[in-house]
Each structure stands twice: as C-alpha cells, then as structure tokens.
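Line by line, the protein sequences are chains B, V and H.
Per our numbering, the first sequence runs over residues 1 to 230.
Per our numbering, the second sequence runs over residues 1001 to 1045.
Per our numbering, the third sequence runs over residues 2001 to 2225.
Any given hint might turn out to be false.
Unchecked claim - Covered by chain B, per the in silico footprint, the following chain V stretches (three or more residues, Cβ under 8 angstroms):
hint	region
1	1006-1016
2	1022-1036
As the list claims (entries may be wrong) - Away from chain V, derived, C-beta distances all over 10 angstroms, residues of chain B:
hint	residue
3	Trp6
4	Phe9
5	Pro10
6	Phe41
7	Phe57
8	Ile65
9	Ala70
10	Leu119
11	Leu122
12	Arg160
13	Trp161
14	Leu188
15	Ile208
Hint data in this document are derived by calculation from the structure and do not stem from the laboratory.
All residues carry an ideal CB built from backbone N, CA and C; glycine is no exception.
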Amino acid sequence: MRSLNWLLFPTLLLILISLYCIFIYAPTESSMGEVQRIFYFHVPSAWTGFLGIFLVFFCSILFLIKNDRAWDIRAAAAAEVGAIFTTMVLISGPLWAKPIWGIYWTWDAKLTSLFVLWLIYLGYLLLRRLLESPIQRARLSAVFGIIGAIDVPIVYMSNRWWRTQHPQPVMGGGESSGLEPSMLFTFLLSLTAFTFLFFLLWRMRCRIEESADRLEALHRELNTRLQEGK
Amino acid sequence: MNFLFAAYTAIWIVLSWYLFSLSRRQKRVENELTRMEAKIKESLK
Amino acid sequence: MKFLNQAGAILWKDLLNEYRTRDALTSMLLFGLLVILTFHFAFEPDSLETQKFAPGLLWTTFIFAGLLGLNRAFASERENEALQGLLLAPVNWGAIFLGKMLANLLFMLLAETAILGCFAIFFNLSLGAKIGWLLLIVPLGTLGFASVGTILAAISMNTRMSDVMLPLLLLPVALPAAIGSVEATAAAFSDPPGAALAFWLKFLVVFDVIFITVPLLLFDFVLEE
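Looking at chain B on its own, in the form it has when it is part of the complex:
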C-alpha cells in the first residue's frame, strides 16, 4: 500500500549486526563485567538525543525564515524522536551506574545537561500540545526550540566549570579513551545503527504529520463541496 521507507532495511540490518556485536563479539570488560555492555546503547542514545535538539534548532530556524509547514513538521518530529532517545539515556544511565558505582545518579556535566535536555524537549512538546492555532503552534515552538537548543551547550559548559569548584564522583568518564579495537568497533557500529534508527523514526513521524495534513485538506475540500451542493 505505501512505499516502504528506504531506511528500513539498512536500519534493521545494522541493528541486528550491532546486537550480535554488543552481546557476543565484544569482549567482557575486565573491571565492570557484563553490565558494561549497556555502554553500547547508553552513549549512542545520548548522541542521538543531542542530534535531535540540533535538528530542532536547524529546522526551527528554517521554518521561521521560509514559513514552510514542512520545516515545522520536521522540527516537531525531531523533538519527539529526540525525546524518546533522551528518555532511554536517562533510564539506562542509572541502571548502569547502580551496580558499578553504587549510586543511581551524579550531577556531573553530562548527566545534568542530558536531564536539562530532556526537560527542554518536554517543554517544547507540551508547548505544542497546549497551543491550538497551527500557525501559533509552529511559530512559538520554533522560537522556544531555538532558545532551548542554544541553551544546551551552555548548560553543559556551566556544569563543567561548576564541577571544578565542587568535585563530584565521575561516572563513565573517558570510556572511549581506553577502548580495545573490538569494543571501539562495536561502539561505532552501534552509534551508526542508532543514528539510522533516529532518521528512520524521524521520517516515519514526519510522514504521519504529512498524511494528517492531507487528511485535513480533504476534510475542508469535502466541506466546501457539500456547502456548494446545498
């Protein structure tokens, strides 16, 4: 019925291969044991979370410049998918930290900015939900999207500098520095798989909005025809 998204097959393939690598190919880490494997989807989720807000920023600016609904759709979809991935980071993070470092959470720069990122996503999505006029919804969320996205790196930096004053336990710092080649490969593969997955979900989400718009247009057309018929 509908054309299959060209991303679907490569994404599935990447996911399957990554799963194999994560659980079988990659060696068990010496100090942390099996739990360390969470790293292979925790960090890529964080990466896609940040990718999402960058796309929101980019698409929001384009929308404000061009006033084209297509960019509004892309921004909103990116926010939704980004929020999902950021949620996954916030879930996997504590589940990784507890067995290894004995604590669920630490207010280090990475985790705090991820938490703030999550809040910005939620604010954006809630804002969209509460605004009824489509034009207003698009415009106001674009403005907030831009402001929020600019804020994220600033939050990260301010936390980094804050920590030089208040040393806190570090979780998962410098993971990528001491990686064996096979682990590095698995990590990069997983990163690629997650990125493809992001774009796949993003595209799917955009398609739904586009179809909904078409539906809306058909509704209106039907109504005008019915009016004319009277």
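Based on these hints, arrange chains V and H on the given structure of chain B.
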C-alpha cells in the same frame, strides 16, 4: 547481570512502544484518507 | 534613537501601572519573607550552615519571586486586550521587548533588594564589605533571567496553563544564569574572593549578551498573529 537485562529490556520496551504507536497512528490516518477520498468521489457524482 | 524612545515609553507605562497597583512587588516581597520563614523552620541552620547555604537560598528565592513577577508581565496586557492595541501602534516590536524586559528587570531588582535586606536581618549576615560585589552580581544575574523570562513569558501567555508553562520553559534555560549567580555570590562571600568570582562574572556577562540578542531577534515572531 540483572541490571544489564533490565536496561536492555527497558530500552526495547520504550522503542517498541514508540514504533507501535507510530505505525498505529499511520494506519489510522491512512484509513481516514482512503475513506475521505471515497467520500469525495461520491460527492462528485 | 526612536527605538530607545519607544522602549522607554513602554517601560514608563509598565512602571506607572505597577506604581498604581503595586501587585507584583508586594507579592514578590511577601513571597521572599515566607521563604525565609520556611527555611528557618525547615532546616534550623546554625550560623555556619547559614553562611554556606545563603547564596543558594538567596538566588532560589530571587528566582521564584522573579517567576511571580514575570507571570504578571503579560497577564495584564492579555486581560484588557491591551496587547492588540500595542501591536497596532507604529511601534518597533523589538522596543516592546526591551521596554518590557527593563520593566521586569527593575521590579525584580527592587524585590531582590528588599529580600536581601530581610535575609541580612533574619539570618544575621554581615553584608557590609560585600555590598560592592553584590551590586555587580545581582543585576548581572537578574538581567539574564529577566531577558529570557520576558520572551518565554510572552510565549507561554498564549497557552491556557501559562503559569505552569513559564517555569517549565524558563528554569531549564535559565539554569546557567542561576549557576553563575550562585557561584559568583558564594565566591564574593568568601575571603578572599579569588579567581572564581572574576570567572563567573565574565560567564554571566556572556550569558546576558547571548540571551538578550537572541530573544531580541526572535521577539517579532512571538508577537505576530
């Protein structure tokens, strides 16, 4: 390790839920679309 | 020059409005007093603990009092549909932003001064030597907060849950300003102030520059119908 299993499961639940909700929404919209198109064809007769 | 004149006119209008009703200032000040009271009974801090937590508590109070003030910033416009009238007038919309932002800034600074005074009294803080630094830190921190707060208040006033939306949108975005302000205040309180103070002051300046420029550029889009 239990935590690994829990994290893995949690992530897959979240992802599957989202994928499922996406495809459900897509199907619903497309059904509406075909219905609409049929209605319009009717009104043209 | 005309731009500044327009901003000044809007600023003056808001000041007059507040002078006649005094809603915002009273509620902000009362709120500050209540926080002091609650903090005392919640933690019963001794003098050493008070010194340690004063900067954080001070700025937390400033932030929540500021939210009260910001919420009202556009509420009165909306009530009397005064905003429509404002938009129809041949005013540069950036000037509206500037005027409103300065009004919010002024109200917050007034409330903060009063709250700071109450803090010093109730917690026996000796501010004497530090006043100089505070005179620099407080406006810098409040400026960033007022600036982002004004544009986000303008955005959230369009939703039906505006008083919930504003904190939700503002607090994550203003977090760096809060961090900078608290750290700078804490550094100022310690003897000697040290390099941290200079650093965080510079940080606040950069934050303010970014978050006055960006909202100024985007404000037109918020007001468009």
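Okay, the hints, checked on the actual structure:
1. 1006-1016: With 7 residues closer than 8 angstroms to chain B, the region 1006-1016 of chain V meets the three-residue bar; holds.
2. 1022-1036: With 9 residues in contact (Cβ-Cβ under 8 angstroms with chain B), the coverage given for the region 1022-1036 of chain V holds.
3. Trp6: Holds: least Cβ distance 16 angstroms, greater than 10 angstroms.
4. Phe9: holds, 15 angstroms
5. Pro10: holds, 16 angstroms
6. Phe41: violated, 6 angstroms
7. Phe57: It holds; B/Phe57 is separated from chain V by about 22 angstroms at its closest Cβ, greater than 10 angstroms.
8. Ile65: holds, 29 angstroms
9. Ala70: holds, 17 angstroms
10. Leu119: Its Cβ never comes within 10 angstroms of chain V, the nearest being 18 angstroms, so this holds.
11. Leu122: About 15 angstroms separates B/Leu122 from the closest Cβ of chain V, which puts it past 10 angstroms; holds.
12. Arg160: Check passes; 26 angstroms lies beyond 10 angstroms.
13. Trp161: The claim stands: B/Trp161 keeps its Cβ more than 10 angstroms from every Cβ of chain V (closest is about 31 angstroms).
14. Leu188: Given a closest Cβ separation of 19 angstroms, the condition holds.
15. Ile208: Incorrect as stated: the minimum Cβ-Cβ distance to chain V is 5 angstroms, not above 10 angstroms.
When held up to the earlier numbered hints, the structure conflicts with 6, 15 and fits the remainder.
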